[in-house]
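Between the sequences and the hints, there should be enough to build the whole structure, so can you do that?
In full-length UniProt numbering, the protein residues as written are 1 to 368.
The set of hints was computed from the structure by calculation and includes no laboratory data.
If a hint is listed, it holds; no wrong ones were tucked in.
Lysine-lysine pairs mimicking PhoX-like chemistry, simulated, CA-CA at most 25 Å apart:
hint: 1; residue 1: Lys150; residue 2: Lys268
hint: 2; residue 1: Lys190; residue 2: Lys178
hint: 3; residue 1: Lys3; residue 2: Lys17
hint: 4; residue 1: Lys190; residue 2: Lys161
hint: 5; residue 1: Lys164; residue 2: Lys250
hint: 6; residue 1: Lys103; residue 2: Lys79
hint: 7; residue 1: Lys178; residue 2: Lys164
hint: 8; residue 1: Lys161; residue 2: Lys171
hint: 9; residue 1: Lys190; residue 2: Lys150
hint: 10; residue 1: Lys268; residue 2: Lys258
hint: 11; residue 1: Lys171; residue 2: Lys336
hint: 12; residue 1: Lys336; residue 2: Lys250
hint: 13; residue 1: Lys79; residue 2: Lys4
hint: 14; residue 1: Lys3; residue 2: Lys103
hint: 15; residue 1: Lys257; residue 2: Lys336
hint: 16; residue 1: Lys150; residue 2: Lys178
hint: 17; residue 1: Lys150; residue 2: Lys161
hint: 18; residue 1: Lys177; residue 2: Lys164
Simulated restraints on C-beta separations:
hint: 19; residue 1: Leu62; residue 2: Glu143; range: 25 to 35 Å
hint: 20; residue 1: Asp41; residue 2: Arg91; range: 19 to 29 Å
hint: 21; residue 1: Glu362; residue 2: Leu61; range: 50 to 60 Å
hint: 22; residue 1: Pro168; residue 2: Leu61; range: 46 to 56 Å
hint: 23; residue 1: Pro168; residue 2: Gly231; range: 32 to 42 Å
hint: 24; residue 1: Pro75; residue 2: Asn128; range: 19 to 29 Å
hint: 25; residue 1: Val285; residue 2: Lys4; range: 45 to 55 Å
hint: 26; residue 1: Arg9; residue 2: Ser209; range: 34 to 44 Å
hint: 27; residue 1: Thr360; residue 2: Gly88; range: 50 to 60 Å
hint: 28; residue 1: Pro75; residue 2: Gly231; range: 22 to 32 Å
All of these numbers come straight from a predicted model, not from anything done at the bench.
Note that the Cβ used here is the ideal one computed from N, Cα and C, for glycine as well.
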Amino acid sequence: MIKKERVERLAQFLREKDIDAFYIGPSADLEYISGLDTHPDERVRGLMVSKEARCFAMTPLLYEEEIVKAFGEVPFYAKWDDHEGFTGAFRRGCEYLGIVGGKIAFNDGVRAVDMLAVRDAMPMEMINGVDLLAGQRSHKDAEELDLMRKAADIADGVTAKLQKFIRPGMKERDVAKKIVEFFEEGGSSKLSFEPIVASGPNGSMPHYSGGERVIGDNDIVILDIGGRYGGYCSDMTRTFFTGTPTEEMKKIYEIVKKSQAAGEAAVKPGATGQDVDRAARQVIVDAGYGKYFFNRVGHGIGIADHESPYMIEGNDVPLEAGNVFSVEPGIYIPGKFGVRIENIVAVRRDGTGEALNHFTREITICGE
Numbered sequence: 001m002i003k004k005e006r007v008e009r010l011a012q013f014l015r016e017k018d019i020d021a022f023y024i025g026p027s028a029d030l031e032y033i034s035g036l037d038t039h040p041d042e043r044v045r046g047l048m049v050s051k052e053a054r055c056f057a058m059t060p061l062l063y064e065e066e067i068v069k070a071f072g073e074v075p076f077y078a079k080w081d082d083h084e085g086f087t088g089a090f091r092r093g094c095e096y097l098g099i100v101g102g103k104i105a106f107n108d109g110v111r112a113v114d115m116l117a118v119r120d121a122m123p124m125e126m127i128n129g130v131d132l133l134a135g136q137r138s139h140k141d142a143e144e145l146d147l148m149r150k151a152a153d154i155a156d157g158v159t160a161k162l163q164k165f166i167r168p169g170m171k172e173r174d175v176a177k178k179i180v181e182f183f184e185e186g187g188s189s190k191l192s193f194e195p196i197v198a199s200g201p202n203g204s205m206p207h208y209s210g211g212e213r214v215i216g217d218n219d220i221v222i223l224d225i226g227g228r229y230g231g232y233c234s235d236m237t238r239t240f241f242t243g244t245p246t247e248e249m250k251k252i253y254e255i256v257k258k259s260q261a262a263g264e265a266a267v268k269p270g271a272t273g274q275d276v277d278r279a280a281r282q283v284i285v286d287a288g289y290g291k292y293f294f295n296r297v298g299h300g301i302g303i304a305d306h307e308s309p310y311m312i313e314g315n316d317v318p319l320e321a322g323n324v325f326s327v328e329p330g331i332y333i334p335g336k337f338g339v340r341i342e343n344i345v346a347v348r349r350d351g352t353g354e355a356l357n358h359f360t361r362e363i364t365i366c367g368e
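Put into structure tokens, the structure is as follows:
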């Protein structure tokens, strides 16, 4: 159902920004407002929210039952069928809200070609609304935090199962398939993202997407996994070993572990995303591996796996209670291996950080 209190907060923000309405296509924004988890396709659907907190829903007849069931008592449904096209329905909805010719924002759940079609069908001032809900979504309430704690608990459990499951001789994709099974067993509705299983030299690519390498003896394996619970994502990374790590592997692992802990410790009253990035990064730079850590330290997480706030140089906005984000430094040595450790951290009311993941960050050998 449409979450009225979230609509009211959004409408207040629209008034503050002098925006007449916000059209929300299939996206994490739409799920946040309505609970509907759907994805864009060629049939336009979504929700328009005006600055007076009035709404209309766009729905092709093909999706009507699903949309009505999800949205509930929306005052006006702008329905359309395939032979008619959607622009007439969109205009009827705008006429109902009295916003024809007004300033209308669109989120990233709307295709560019559809925005162009709307532009040609009726007068309006179109603006980029990609971040309009970012601030609201970045402040998790108590219910949201409880869902995220549960999602993180499930991810911890999956990681523990993987530590027992992984053996030399398995292909990376065999492990990836098992991750899906383990999350389902733990109670996740689906994965937050496609899992990363990067062994040996593949670990030097932070977002490695292959799966054919066979995990070897005395190998190193990065596992970046996440599942959804109650609509909210988990995301965690651990680096495992299939045997005795080399001295170089142990050295780099300990540097990354220290870096990750420093990032978490930097979450305190008044701290910014930039402060968290700098604290974690400085450990790696001081150890002489700065050029092998080339991405931000973390990203916000919630209904989407990546959302505001970001732990990155240049983000000087103070963290606030309810912010939830990753702290995931890594060292990636091309052609050799990589190490990454990631926890999700929530900001408490007192400004300190609560790590939502509890699986050990010590060196872990598979099968032990």
